[in-house]
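There are 2 protein chains.
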Amino acid sequence: VAITSDKLIVVLVATRNPLNIGAAARAMSNFGCRHLRLVRPYEPSWVEAKSAVGADDVLHEAEVFDSVPDAVKDCGWVVGTSGAERTFSQSVRGLQDVAPELRARLQTSTSALLFGSEKTGLSNDDLSYCQAVLRIPTVQEHSSMNLGQAVAICLYELAREVMHPAVEPNRQVDSGVLARIERMLIETMLEIGYTDEKRHTHTEREVREYLRRHAMNPMEASMWMKFLRKVGWRLRNGG
Amino acid sequence: VAITSDKLIVVLVATRNPLNIGAAARAMSNFGCRHLRLVRPYEPSWVEAKSAVGADDVLHEAEVFDSVPDAVKDCGWVVGTSGAERTFSQSVRGLQDVAPELRARLQTSTSALLFGSEKTGLSNDDLSYCQAVLRIPTVQEHSSMNLGQAVAICLYELAREVMHPAVEPNRQVDSGVLARIERMLIETMLEIGYTDEKRHTHTEREVREYLRRHAMNPMEASMWMKFLRKVGWRLRNGG
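So the protein sequences, as listed, match chains A and B. Quick note on this note's numbering: the first sequence kicks off at -14 and runs consecutively. Quick note on this note's numbering: the second sequence kicks off at -14 and runs consecutively.
Treat each hint with caution, since some may be false.
To be verified - Here are the simulated DSSO-like pairs of lysine-lysine, each with C-alpha atoms no more than 27 Å apart in a straight line:
#, chain 1, residue 1, chain 2, residue 2
1, B, -8, B, 35
2, B, 104, B, 58
3, B, 183, A, 35
4, A, -8, A, 58
5, A, -8, A, 35
6, A, 104, B, 58
Keep in mind the hints are simulated off the structure, nothing from the lab.
Go ahead and model the full structure; you've got the sequences and the hints to work with.
As structure tokens, this is what we get:
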């Protein structure tokens, strides 16, 4: 499931570096977001980004606009991003705080997420078209983020509640297999004198607990069993 | 407060692109993470990254190792990252799931977060030194992330619970100011015939509710008051 639905529009304003345009587009692909708009991109960068090897659909379908109001004309909610410690008339909110609201609005209406240029970020004029301003939490002395990384983090935050990686099931052997390994291990321990009939019960419990503490997958279980079989064979039949 | 404490070590394995080394280091600075280790970086890239304009302390203090086990020797918990859909003996967990555990372990012990090369990611051999493998949630058809963006997202996820951006307080004017604006607005409305004595009470309530629905900051309040004063003056004194 793509998080951001079809209703999220990423707007890059006055971006200079073609690599950053490409990086933003790649992050968008990663998180299933398709609509990229560029406001006054530095022309040679835009040409270079579009024609880069591996440039994907997001870049090919990107639209270029002359101004922020043009680019957000059809958007019900417009969110600006800012790393700088300026004072805006809008209050600045943390990304974590804005994301649920943006996600909710995307259910019903087209919304835009604006990113400013690498050097200056969004201007106060750009921000005056925004309903909300968000900031990614960073340490204060290093608050200026790479543009592509900022885009990636914002989309990740939008995605994190709803997308979960396709994880392999945690295949653990069942208790029957563990009991078999336990018995083989105890027999070996008795055989080599690690434990004896007196300490037997205590050792047995220690081994049982050890095997239960560490979830074992089938591959690990067969490694153990093969190892213990070979040890047993050598012990009985000599080196 | 830096999230990741002094105990998180970012390990880049066999990185090819100097820009990615720089981008990883920049993200580390953003999130207050200082210890970068490189395992067999492509030598020219490493030289270029280190000598780049604006290369920061993280890069200058980075250490180079010959192998993954050397690089994680002092680490209590080692987490690998993987975008690929391979089968590991470790179960692969979502970033959101691993982060709280990693954060908890960082309270007491040094831990490492490993990232593989741009082309192939971490090898199965590299991953065999890891206690856990995490994956960033992406759409399945575009699961390959940019290295710098992957580092940024992982550090953001570690930070997001504990760091909050230095937000400006949401300065709203108090009810006294709202009442003053309300009175001025109603007076103007009566004066221009927008409302009359009959509909007065109804209009008054509408205006009151409108002004309460939209939290107003002091700047906005003075804009309204100045506007209404000027309108009133012109109405009484003519154009």
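Pair hint residue -8 (chain A) and residue 58 (chain A), alpha-carbon separation not exceeding 27 Å: holds, 13 Å
Residue 183 (chain B) paired with residue 35 (chain A) [C-alpha distance capped at 27 Å]: Since the Cα atoms of residue 183 (chain B) and residue 35 (chain A) sit roughly 64 Å apart, the hinted pair is violated (cutoff 27 Å).
Proposed proximity, residue 58 (chain B) with residue 104 (chain B) (alpha carbon, max 27 Å): Status holds; Cα separation ~26 Å.
Straight-line alpha-carbon gap residue 104 (chain A) to residue 58 (chain B), limit 27 Å: violated, 40 Å
Restraint status (C-alpha distance of residue -8 (chain B) to residue 35 (chain B) at most 27 Å): holds, 23 Å
Restraint check for residue -8 (chain A) with residue 35 (chain A), where alpha carbons must lie at most 27 Å apart: Measuring from Cα to Cα gives roughly 23 Å; hence the hint holds.
Consistency with the previously given hints fails for numbers 3 and 6, ordered from lowest to highest.
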